[in-house]
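J.: Sequence:
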Amino acid sequence: GLGAEPVAAWVPLSVPARSAAFLDPMTGRAGRAALRQRRDGRAEVFLQLAPGASLVLRTFAEPMAADVPAWLYAEPAGPAHPLTGPWQLSFIAGGPGYPPATTLDSLVSWTDLGESLHDWFAGTARYTLTFEAPTTPADAWRLDLGRVAESATVRLNGRPLGTAFSLPFRLRIDSLAPGTNTLEVDVTNLMANRIAYLDRRGFVWRRFYDINFVNLAYQPFDASGWAPMPSGLIGPVRLVPLRRLSPE
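Mind the numbering: the sequence shown is residues -13 to 234 in this note's numbering, read in order.
Hints in this document: simulated from the structure, not taken from any laboratory.
Careful: at least some of the hints might be erroneous.
Estimated spans, in silico, between C-beta atoms of each pair [what the hints assert, rightly or not]:
| no. | residue 1 | residue 2 | range |
| --- | --- | --- | --- |
| 1 | R141 | G(-11) | 25 to 33 angstroms |
| 2 | Q205 | S102 | 22 to 30 angstroms |
| 3 | R229 | A52 | 18 to 26 angstroms |
| 4 | T166 | D98 | 23 to 31 angstroms |
| 5 | G100 | S137 | 22 to 30 angstroms |
| 6 | G81 | V54 | 44 to 52 angstroms |
| 7 | Q205 | P65 | 48 to 56 angstroms |
| 8 | G14 | A203 | 38 to 46 angstroms |
| 9 | L(-1) | G71 | 20 to 28 angstroms |
Because the structure is a prediction, the values reported are computed rather than measured.
C-beta atoms are modelled at their ideal positions from N, C-alpha and C, and glycine is treated no differently.
Between the sequences and the hints, there should be enough to build the whole structure, so can you do that?
T.: Here is the structure:
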């Protein structure tokens, strides 16, 4: 989805098809797409796509078996539930050193936490939140992570939900446990802040056998002047209740 608005529409296919299936390359989820034949004989499928999202569509010349699970089309079933703090933040892998663990009442870039070690850290930090499941009736839930710098691996109650490294930074939750739930989000940032740290302190890290390491202007590469890049889970993080949608 390259546009700024979500897509929810019947889309004509350029090849004949009696059935089709969607595959989400981000999560591995797959299912039978809603397909119908137009009066002109062309097939079309119903497509739901968020801005920034991608799906793989495979068409078939024969009808699909009835026991193949249908693709989940869904729409919001109520207002979003913000997942607010306190978040427990700990740094679990990376360098040049581990900033101290802390508690966040609200989500911000970890480079805004006030210590130089946060500015130059490159690696992975774990955000942990305990929350009560909303009571809104829902067929499924959508976890919106908001802004992520740069990739996030998510677990809910110890079970993997998936990894998000591009827009729209969303994952589907099939069901929430009644009562208390624990969300863990491991966020990995870019190496840019660590590279800036190395150049500011004169570390020799460009050890290449047969390459001249230059910048875009073909001058010697130097990252010492780089400002810290935003890093971590910046949010806002929300749970959106979903109900099944039957394409018409």
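J.: Output the numbers, in ascending order, of every earlier hint that fails for this structure.
T.: Of the numbered hints, just 9 does not hold.
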